[in-house]
Amino acid sequence: MQPSASWGNFETSSGPTPTKPIAPTQSTSRWRPNPRITDAKLLLGSAPPEVKETLWNIMEGALPSGLFCEDIRKTIRIQRFDVDTVAGKQVSKTIGELEITNLMTNGFRTMHGGCACFLVDWWTASMRYTLDGNRLSINLNVSFHAPAPEGTTIQLVARSISVGKRITDSRCEILDARTGRLLVSGTHKQMAVTNLASL
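Numbered by the numbering used here, the letters in the sequence shown go through residues 103 to 301 in order.
Accuracy of the hints is not assured; some may be wrong.
[Stated by the list, open to error] Using 30 angstroms as the maximum straight-line C-alpha spacing, the simulated DSS-like pairs for lysine-lysine come out as follows:
#1 K176 <-> K291
#2 K267 <-> K291
#3 K191 <-> K143
#4 K291 <-> K191
#5 K191 <-> K267
#6 K176 <-> K143
In short, the hints are calculated from the structure, not lab data.
For clarity, every value in this text was computed on a predicted model and none was experimentally measured.
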């Protein structure tokens, strides 16, 4: 699948090269986490305003309270949302940040593998929901490349790999936002569903 000219440097490949973080151009000694964006209209990227608004509502409290990993989900700071049309299909890329807190760690005080799996699932699913509506997960593959200690600011980068009428494949990379080191990568396959009661 070849990107359109307007896609620029927007990667759609699932190759091994990790995504560079979007931290400001500065030395790592002066690096600071990106602040929380306070209005969907301020969200960077090429996604249409109504699509940005949908993702914003998902991340900022439109979902019912008490859902799985709510305390983690609410700490994610959306940074950018891009959408483009490639070969007649809407492909997307979403970037966010959060800090690893004690709630997210294992006995070694590094990010728990289960938490990493949740972030890969949640970030890719939220991205595609804004374009496709309800979809069910049918496969989630996650690889762990390096530990992420408590206090690390991580960057979530989700992108479309393949978009079909019923099946979509997305990839998510979890990076150290300060250094760009790849910590976790995963792929998420989802299937379109119109009637949950029939499953």
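Hey, K191 versus K143, does the alpha-carbon distance stay inside 30 angstroms?
25 angstroms, holds
Given the hint that K176 pairs with K291, test it: the Cα-Cα distance must not exceed 30 angstroms.
24 angstroms, holds
Straight-line Cα separation of K176 and K143 no greater than 30 angstroms?
19 angstroms, holds
Is the straight-line distance between the alpha-carbon of K191 and that of K267 30 angstroms or less?
Holds, at roughly 9 angstroms.
Would you check the hint for K267 and K291, treating anything up to 30 angstroms between C-alpha atoms as holding?
Holds. K267 to K291 sits at ~13 angstroms (cutoff 30 angstroms).
Holds or violated: K291 with K191, Cα cutoff 30 angstroms?
16 angstroms, holds
The structure meets every hint from the earlier list without exception.
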